[in-house]
Amino acid sequence: MTSVQIDKTSLSNVRLLLNGVSKEAPKILTRALNKTATKGRTEASKAIRKEVKLSASYVNSRLKVDKANYRTLQAKVRTPSRGILLSRFSTNAQARNPDIGWIRPPDNPPRGIKVRVSPNDGSKIVTGGDEVSGKPFYIVLKNRNLAIAARLSSPGPNGGKIKVFSGPSLSQVFNNIKEDLGEPLAQYQEEQVSKQIDAVLRGF
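In this text, residue positions in the sequence shown follow numbering that gives the first Met the number 0: the first is 0, and each later residue adds one.
It should be emphasised that the hints constitute simulated quantities derived from the structure, not laboratory data.
Even glycine gets a Cβ: it sits at the ideal position worked out from N, Cα and C.
Please note: incorrect hints may appear among the correct ones.
Quick list of in silico lysine to aspartate or glutamate cross-link-like pairs, EDC-like style, CA-CA up to 16 Å [stated by the list, open to error]: (1) K75 / E42; (2) K45 / E178; (3) K34 / E189; (4) K52 / D120; (5) K38 / E189; (6) K75 / D65; (7) K134 / D106; (8) K45 / D179; (9) K26 / E189; (10) K38 / E182; (11) K160 / D129; (12) K162 / E130.
Okay, the calculated beta carbon distance ranges per label pair [claimed, not checked]: (13) R115 / G181: 27 to 35 Å; (14) T90 / S21: 55 to 63 Å; (15) A185 / P104: 41 to 49 Å.
When you get a sec, could you build the whole thing from the sequences and use the hints?
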């Protein structure tokens, strides 16, 4: 799992005191942190989808927000570290659909299975390299997800004869883009603190 943590703002207590809302600081900061985390999730999803060709619904469902509360003044946006099935990048729209519960795999294209991992690159045929024999094929896993697999040339360390192909994990992509989000989110957080101070002063 990879996460980006959004901590309580560096805004000094002096400013809160001057506004007469020091006792409301936990409420103000909690609201600001959670709004910033939600914004961070949205921006992370956009940035991730510029790097890998995945649907917004798929990425959004795997970006989780741990919200701040009065006791814990920090919020997190986190992603799973497990690799994404390479089938999610198939050029076959049905094959890459994560909402289908498969019973039988689709037919394998005569010229090989094509995937497109990056929206900035063209599609490529999955080969599997020297460790596999024969062409890769579609296979249905026990959880009824569709995967791309190939037969190993020799048994794996645990005696396995099949290799299931994975693409990059969301954590890997998230690590590449999270630094770019830091400064804009810090500015957004400051804006949210100011807005929440105003809201408290208005009685909200």
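Consistency of the hints with the structure:
1. K75 / E42: It holds: about 14 Å lies between the C-alpha atoms, which stays within 16 Å.
2. K45 / E178: holds, 14 Å
3. K34 / E189: Given pair K34, E189 holds - Cα atoms ~11 Å apart, limit 16 Å.
4. K52 / D120: holds, 10 Å
5. K38 / E189: Within the cut-off at roughly 13 Å; holds.
6. K75 / D65: Distance ~5 Å between K75 and D65 Cα, so the pair holds.
7. K134 / D106: holds, 13 Å
8. K45 / D179: holds, 12 Å
9. K26 / E189: Given pair K26, E189 holds - Cα atoms ~15 Å apart, limit 16 Å.
10. K38 / E182: holds, 13 Å
11. K160 / D129: Given that 16 Å is the threshold and the Cα spacing comes to 14 Å, the pair holds.
12. K162 / E130: Holds: K162 and E130 sit about 9 Å apart, inside 16 Å.
13. R115 / G181: 27 to 35 Å: holds, 29 Å
14. T90 / S21: 55 to 63 Å: holds, 58 Å
15. A185 / P104: 41 to 49 Å: Taking Cβ atoms as reference, A185 and P104 lie about 47 Å apart, which means the hint holds.
Comparing the model with each earlier hint shows no violations; every hint is respected.
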